[in-house]
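Protein chains in written order, with my numbering: chain A, 1 to 269; chain B, 1001 to 1273.
Bear in mind the hints are in silico, worked out from the structure with no lab data behind them.
These figures come from a predicted structure and were not determined experimentally.
For every residue, glycine included, the Cβ atom is placed at its ideal position computed from N, Cα and C.
Hints are supplied without guarantee of correctness; some may be wrong.
Claimed, not checked - Incomplete in silico selection of chain A near chain B, CB under 8 angstroms: (1) Ala-53; (2) Asp-54; (3) Gln-57; (4) Gly-59; (5) His-175; (6) Val-187; (7) Trp-266.
Stated by the list, open to error - Not close to chain A: a few residues of chain B, all C-beta gaps over 10 angstroms, as computed: (8) Pro-1098; (9) His-1142; (10) Leu-1235; (11) Asp-1240; (12) Glu-1245.
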Amino acid sequence: MAQAVRAGRRGRAGMPQVVSRGGLLSFLVVLGLWALATGPLDLVGPARFPSPADFWQSGVQIVTRGYAGGTLLTQVWHSLRLVLFGFVVASATGVGLGLLMGLSPRAEKLINPTFLLLRPIPPLAWIPLAILWFGLGDAAKIFVIWYAAFVPSVINTLTGVRGVDRTILSAAEVHGASRSQLVRDVVIPAALPMIFTGLRLSLQACWTTLVAAELVGAFFGIGRVLMTASQDVNPGMILFAMVCVAILGAGTTWLLGTLERRAMPWRQA
Amino acid sequence: MISPSTATSGPDIAFRKVSKVYGNAEGGFVALDKVDLTVSRHEFVAIVGPSGCGKTTLMRMAAGLDFPTSGDVLVRDRQVEGPGPDRAVVFQQFALMPWKTVRDNIGFGLKCRGAAPSEIKQVTDRYITMMRLQGHESAFPHQLSGGMQQRVAIARSYAVDPDVLLMDEPFGALDAQTRLVMQEELVQLSRVNPRTVVFITHSVEEAVFLADRIVVMGRNPGRIVEIIDVKSLRLSERWDELPIEEVMDLESFTHMRTRVWKLLKDTKRSTAA
């Protein structure tokens, strides 16, 4: 317990570390109420919300025997792989385009109108078109995930580059920095906090979009598990898959937070 | 004017009929009106004047961060075309890179120039000692006090070994005590490392204590009102042999201070009218 409390103090924004004494207590209360409402009190029928036992059995089932075409490991790995791939490609292209637009007014004039036009389209609205283009396989999902993560990466990188302190730029210039040194030593580090803000938003968008895309149609993945469980009227499995998505989302966000702290040591001390 | 003459004994900095007009020529705002000023080799010139008199614009022109509407700005007989490490600037807001350690900030100019790591280490070591920053080499700027941050900024400027140091109210953001310490340190530093310095300040005391000459500017239009020689007084009254608080108590010092104050007051009156 003492260790859990300490870990909670150490935790930073990103990973939801609700392991303070009070937080743990309220969590246990919720678990208890859940067990009571679905068990002895019989407030919610097993077809609407699972009991802890249903939840546990669904977990055992998908881990050992598999569900909707694969074991938990297969399904999770499939979804995780798509998110990571889409996220990495989207960050690279998004941060790249944001930097380009921030550094070159000409590029911004050229690209920004198109970007502003595409930007308000919700990523999920692309799903039908993506399916037409790429079918129900991975390509369509990667495309939609890429789009979802791309937009916040571009916007936040651009904002970060625009917000670079002019005086620091001048100071670097008068001490002899070339244009490429200005970009590497001033613009990028100065924009890094905003870039990471964009990446965090992108990552969340990736998970949202992935689950939605897999719900619409998929051969494997957590969304496929959710969809199948809904058709099978299996609330235990639905809840289990939801918890899996939550854990995956929190885990990847925590990884990104760790990366962020490594990338910006000056913000720690 | 592009080619430097080799055996020049001319001024380090020369402003020749420098004007800066914002807006169109007719109804525009005249920030600087045909300013003529020369600064000799290793001279310390302080510029004082009310806000809007164009003193910062003048300094930015010498730095190559701003350009005149008409007239010439020459540094060592070369027309200023842009920033360069021969003219380092110390800014009021320090302008350190928050993501670089003290050592990397000081060594930044050398790194830009492509100096060898061993040379960077040697030079930064020297300035870390000189500016009493030992033990803070790996600290980030925000972990330091304002005075220490400005010492890092001054060290960064000295480290590129510039011909000309341009200081834009470098102590303006510091508290009064730190300011006194820094003024005294700057005097000591310029004794060890004589440089041509243009120093902009709002503080008349600071100008009188530090400068060889004081340029008093007026505004609307921005112009030079008077140039006062302080060096001969400093030498004859032996200011350099006394600590700063005693210098500031000397009659010769207070006299000079009052003289500059009066000039500034007159400038403000004449503009208000």
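Status of each hint after checking the structure:
1. Against a cut-off of 8 angstroms between C-beta atoms, the interface hint on Ala-53(A) is violated, since the closest Cβ of chain B lies about 53 angstroms away.
2. Checking Asp-54(A) against chain B by beta carbon gives a least distance of about 52 angstroms; that is not within 8 angstroms, so the hint is violated.
3. For the restraint placing Gln-57(A) at the interface with chain B, the shortest Cβ-Cβ distance is roughly 52 angstroms, beyond the 8 angstroms limit, so the hint is violated.
4. Given hint, Gly-59(A) at the interface with chain B, is violated; its Cβ is 45 angstroms from that chain's nearest Cβ, farther than 8 angstroms.
5. Contact between His-175(A) and chain B, as hinted, is supported at the beta carbon level, the nearest pair being about 4 angstroms apart and thus within 8 angstroms.
6. Against a cut-off of 8 angstroms between C-beta atoms, the interface hint on Val-187(A) is violated, since the closest Cβ of chain B lies about 11 angstroms away.
7. This hint holds: Trp-266(A) has a C-beta 4 angstroms from the nearest C-beta of chain B, less than the 8 angstroms allowed.
8. A Cβ of chain A approaches the Cβ of Pro-1098(B) within 10 angstroms, the least distance being about 6 angstroms, so the stated non-interface status is violated.
9. Some Cβ of chain A comes within 10 angstroms of the Cβ of His-1142(B); the nearest lies about 7 angstroms off, and the non-interface call is violated.
10. Under the 10 angstroms C-beta cut-off, the non-interface status given to Leu-1235(B) relative to chain A holds; the minimum distance is some 32 angstroms.
11. Its beta-carbon lying about 29 angstroms from the closest one in chain A, Asp-1240(B) satisfies the requirement of being farther than 10 angstroms from that chain.
12. For Glu-1245(B), the non-interface assignment is confirmed: its Cβ lies about 32 angstroms from the closest Cβ of chain A, beyond the 10 angstroms cut-off.
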